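For reference, the chains in residue letters:
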Amino acid sequence: MDENEILEIEKSCNVRVNNESLKALAKKEEPRFLSILLKDQECLMDAISFGIKDGEEGHLWLPKPRFLFSIIHEYYKKYGKLLTRTAMESVMDSLSSIGRVKIDDDERTTARMYFDEVFGLEAPVSDYELLRDHINGRYLQWQGFEIMKSEMEGLVKATNGQAEKIKHIQNRFLHIDNLEADSYCLTLGMVDAMPKVREHITERREHPEDDPRIPTYISALDKTYYLTPCTYTVVSGMINGGKTTLMFNMAMNMARAGHNVCFVSIEKEALPLFIRLTALHALVDYNRIKAGGKGDYGLSDVYYQKLIEATKDIEDNIKPNFDCIQLVPGTKLSKIIAEVEKVKSRKKIDVLFVDYLGVIGYETHHQGRPDLDEAMVSKRLQAYGKINRFVTVVASQLKTPSAKEIRNKSKKATADDPSQVEVNTEDLAGSKMIIADADNGLSAILNSDSPPTKMFVYGTKARDDESRSCVVLDFDGRIGRVSDPEFDSGQITEVDSLLYDDQITEEDLSSDDGLFSSPTEESKAIDGLNEDDFCFAEEKPKEPKEIEKPKSVEIKNNKKEKSKKKPDDDQVPEELTDDDIFGL
Amino acid sequence: MQIITADDTLVEYQKKMSHNRKVRAQAKAVLQRAKEAGIPEKYMRINKESFIPLVDNYYHNDVNKLVNSIYDDPLKLLKKEFIVIDGGDVQQRKSAGFAVLFRLIACDQRGMHWENSKLAHQLQSLKVFGTGEASGRNDITEICRNVGILFISECSQGDFRPNFETGRFYDEILSYRDDYRKPTIISFTNPLPSGDVALNSENAMIDLERFGQYIGIISKSHKKTDDERFFTIRVKENGRK
Chain A
105 MDENEILEIE KSCNVRVNNE SLKALAKKEE PRFLSILLKD QECLMDAISF GIKDGEEGHL
165 WLPKPRFLFS IIHEYYKKYG KLLTRTAMES VMDSLSSIGR VKIDDDERTT ARMYFDEVFG
225 LEAPVSDYEL LRDHINGRYL QWQGFEIMKS EMEGLVKATN GQAEKIKHIQ NRFLHIDNLE
285 ADSYCLTLGM VDAMPKVREH ITERREHPED DPRIPTYISA LDKTYYLTPC TYTVVSGMIN
345 GGKTTLMFNM AMNMARAGHN VCFVSIEKEA LPLFIRLTAL HALVDYNRIK AGGKGDYGLS
405 DVYYQKLIEA TKDIEDNIKP NFDCIQLVPG TKLSKIIAEV EKVKSRKKID VLFVDYLGVI
465 GYETHHQGRP DLDEAMVSKR LQAYGKINRF VTVVASQLKT PSAKEIRNKS KKATADDPSQ
525 VEVNTEDLAG SKMIIADADN GLSAILNSDS PPTKMFVYGT KARDDESRSC VVLDFDGRIG
585 RVSDPEFDSG QITEVDSLLY DDQITEEDLS SDDGLFSSPT EESKAIDGLN EDDFCFAEEK
645 PKEPKEIEKP KSVEIKNNKK EKSKKKPDDD QVPEELTDDD IFGL
Chain B
157 MQIITADDTL VEYQKKMSHN RKVRAQAKAV LQRAKEAGIP EKYMRINKES FIPLVDNYYH
217 NDVNKLVNSI YDDPLKLLKK EFIVIDGGDV QQRKSAGFAV LFRLIACDQR GMHWENSKLA
277 HQLQSLKVFG TGEASGRNDI TEICRNVGIL FISECSQGDF RPNFETGRFY DEILSYRDDY
337 RKPTIISFTN PLPSGDVALN SENAMIDLER FGQYIGIISK SHKKTDDERF FTIRVKENGR
397 K
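Chains as they are written, first to last, in our numbering: chain A, 105 to 688; chain B, 157 to 397.
Please keep in mind that the hints were generated in silico from the structure rather than gathered at the bench. There may be inaccurate statements among the hints.
Unchecked claim - Below, in silico cross-link-like pairs of lysine to any residue (SDA-like), each with a Cα-Cα straight-line distance of 20 Å or less: (1) 198(B) <-> 607(A); (2) 204(B) <-> 433(A); (3) 338(B) <-> 566(A); (4) 232(B) <-> 593(A); (5) 516(A) <-> 225(B); (6) 198(B) <-> 601(A); (7) 515(A) <-> 295(B); (8) 516(A) <-> 198(B); (9) 236(B) <-> 491(A); (10) 171(B) <-> 253(A); (11) 271(A) <-> 306(A); (12) 171(B) <-> 582(A); (13) 172(B) <-> 587(A); (14) 172(B) <-> 406(A); (15) 513(A) <-> 338(B); (16) 221(B) <-> 600(A); (17) 483(A) <-> 406(A); (18) 513(A) <-> 236(B); (19) 171(B) <-> 360(A); (20) 172(B) <-> 614(A); (21) 171(B) <-> 613(A); (22) 338(B) <-> 594(A); (23) 171(B) <-> 515(A); (24) 191(B) <-> 343(A); (25) 235(B) <-> 594(A); (26) 172(B) <-> 413(A); (27) 253(A) <-> 377(A); (28) 372(A) <-> 394(A); (29) 172(B) <-> 223(A); (30) 204(B) <-> 225(B); (31) 172(B) <-> 584(A); (32) 221(B) <-> 336(B).
Quantities reported herein were computed from a predicted structural model and do not represent experimental measurements.
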């Protein structure tokens, strides 16, 4: 029995890929890699945390390095130290067999000699990462080759069930070990860290514009929350409480600023989401698109044009930055990750939104504890985001009893005194581990106006001492827009002018029609002449209205009558086209 | 409102549209809040021009100044602890009270109106009224303490029955509101005397056990001049010039 026979546990494993140059490279690199692991503990720790595996199904190609690495690995796991020459002797002396092969003194001597040979190699530590990546690359190549070898014939001969076969192969490829190496794992000593800290501080001082965080572009939020890569943010709220709207606005703002956003929607379909996005961008009531037609409640020419303009703007300026993945509720996280991976394979992702945690299918089963299953989902998602350096934002529900209490409190809150609004970590539904592990926790609560005009965003969890503060944002539910507050709390002169104008009814305020201009003196003079509001200011005739605008009067009267009726496009007379109204 | 023109670019349009929508949404929210506060439709949106004829021009030297301070500088009014209305008849007092309540709600506040007779009755009763949010007198007290603007209308001596605890509940409400600088509008059915005359006037509600300390202070602190805590409005009888 020669030395190779002793150390080869399964001969077949040695023939991984029929590629002699690859084998030659392995012969050269593996001993050098081991030489570093015998001398440098940090590299050994990194190799283990990186996922370099021992054994016949492990990373190393050749039997002798594989054997030595097994001993190094086992010894480190047991004693937490580097394998020394004397330790190697003791280990060898204590072994009576390796696998099914009994070993004698000669073989022990051979192993010791191999240790000396490897230890004596000149291998600088600086080569470590290169060698590690090459070894990992060959390991991946072998796994991929094995899958193709075993599946190729079945695929070629398949006469039915091809989709299942492809899915099976795809699934096997997704489970290739160490394909996504744990780049997040790092051990950093204080001595090594300090120069980096100095560099970072200087860099921040010199170039404050190179901010690593990805702002939400809602400045009130950005003051409190630092959404940097690798952070995990939980947006909580009541049912129909604006969680998705807030996330959607954040996503849209980020995409508009050039960051790559991937929005996973497990509740809503992708196309309606994009329609909403367009409505949001064009600031057109989403219900108009739903209602359809060209009538007062549908898409008049001006709204239609703005929507089309918005789609083109999105297409030209934002499109490459926003991807939406639609999935059915109950979809497991592995599937979600696989879909995100597809997007990632095409381009870099900066921000990942998942709407929402509660509807992701569980892959674990804790008897009677679905909250733990949900926590596991959250943990995996957080880890995935960290490894890939995403800003990850997920939504979560509030507990029903808490939601009721918070709703009552929010009724008393006003923009200048939002102190009544308070959402604590224990108010979130599911396991508290979700918010405990998260970097940021935002809670979105709408005010009690009908429809809501403000969104209170409470800092359930935030960096340093910024939590437990409440930010007040403007909210427009009809277009699904969340934005920075435009007016200071208190007197708003423009609001007063609407409130104390007898000509403007509450119904007028609810309708979008008057948005295109302020009521002019001329329009006020004509009793109830609200259709004037439709006219663009530049095109509004200055001449006496009773002579110049008979059509407008007619339109107004028509509109007043119509407004009391149920919206029905069929009732819109011919003369009510926007060409007439806008003079376009 | 910002005027949107046909030549506006998408960005300009977005900016103006967003602004206009916010203004209108806020106006609508104010109307909604006014309804929730219990302002009847006929007393809603009383403007400056309609308010001027309500004010007693014999009592107030400069009616326009008074009205301007309500309509043009409501934030100053928000800092007053008590807005006292008296004189005139019930319609006039209600109009003035609701107009002020609406004016303050329009400053992004929330408000509530109580008829004094009803409030006093509920506070002096141990009964539980329904199962809603304000089912007992302690709940009512809590709500009245915390609401942004409270309007207690038609306060009269007859509403406070002797030997009941109403005055104490009023004190609890008004003391809290006074401490936390929450404006309270109170209208009195009888014209209030001013200065030292108060002690001897039959209209002053100075029986502290019956009316509570705060009603006592308010009813005898009627001042024409600007006061840090009080703002007084005397309305005139309907039809008087």
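**Prompt:** Which numbered hints are broken by the structure, listed smallest first?
**Reply:** 2, 3, 5, 8, 9, 10, 11, 17, 18, 23, 24, 27, 29, 32
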